[in-house]
Amino acid sequence: MRTELASEPGDAARPNEDFAAVGLPASGQGGSLVVLDGVTPPKAGTGCLHSVPWFTARLGGALTELTVSLPDVPLVEALSRAIARTAAAHASTCDLSHPRTPQATVVVARWDPDAVEYLVLSDSALLLESPDGVVTPVLDDRLALLPRSALVSDAVVDATLRNQEGGFFTAAADPSVAGLAVAGTLPRPEVRALAALTDGATRWVERFGEGDWTDCFHVVRKEGPQALVDRVRTLERADSAGAFPGRSKRHDDATVVYVEF
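In the numbering used here, each residue carries its 1-based index in the sequence shown increased by 174.
When the alpha-carbon atoms are kept at most 20 Å apart in a straight line, the in silico SDA-like pairs for lysine to any residue are as follows:
1. Lys217 x Asn190
2. Lys423 x Ala412
3. Lys423 x Asn190
4. Lys423 x Leu317
Distance windows between CB atoms, simulated:
5. Gly398 x Arg424: 16 to 26 Å
6. Ala218 x Ala187: 17 to 27 Å
7. His392 x Pro287: 20 to 30 Å
8. Arg188 x Gly398: 23 to 33 Å
9. Ser414 x Arg366: 31 to 41 Å
10. Ser327 x Leu223: 22 to 32 Å
11. Leu325 x Arg188: 19 to 29 Å
12. His272 x Val326: 15 to 25 Å
13. Gln400 x Gly353: 27 to 37 Å
It should be emphasised that the hints constitute simulated quantities derived from the structure, not laboratory data.
Here the structure is a predicted model, which means the values were calculated and not measured.
We put the CB at the ideal spot given by N, CA and C, even for glycine.
Take these sequences, add in the hints, and give me the full structure.
See below:
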């Protein structure tokens, strides 16, 4: 099995708010990957004493441990338990009801000799490649499908769309949100390789249109995760005139994990 990982902050002066891990059980049978993209908070605050990197490390660490140590627990339940565990770690000191309490997008995949399970929540992406080379994206597109007119400000989004029906969902403090993730299972022989990407890396497809998901997967497989991140950074630096609207940051944290069976 081949595994490769690249994660780079959008700004070297700020902590990376992404989290990535690959877990391999001691039995040597199967494994899992976890990729989180922490949601950068507004300057107005979050009601929490802790940083986004603190939150993603806690949630990502719990999710990695649970997916490896409890292989019979479905991924939706594992995410629910990880959210509950993380919430309990700061419920006594922080206002977890605040709409901007620390939160993250989630990609999880777990495999064994028989099956590949997957879960995606919010706007990170999971790409699955079949033995004949067909690449299938697994996406939670609820945020992407919202009209731009609905995203006029942080205040409007927080009041009407964030973690609400008709809007979009992230992993924050409510364990039940795990049940709203895009999740499924495929027979293990139907998946040859997979890649998980935060939206800082999916810009190569979604913002800059340099290729489709198959092209993106081929870059990662042939050149490695860091090559995709480097390509995105080159495109961002060239976009000094803001030719590609809709980006809240010129550079975003970018993470890519690749697994080939």
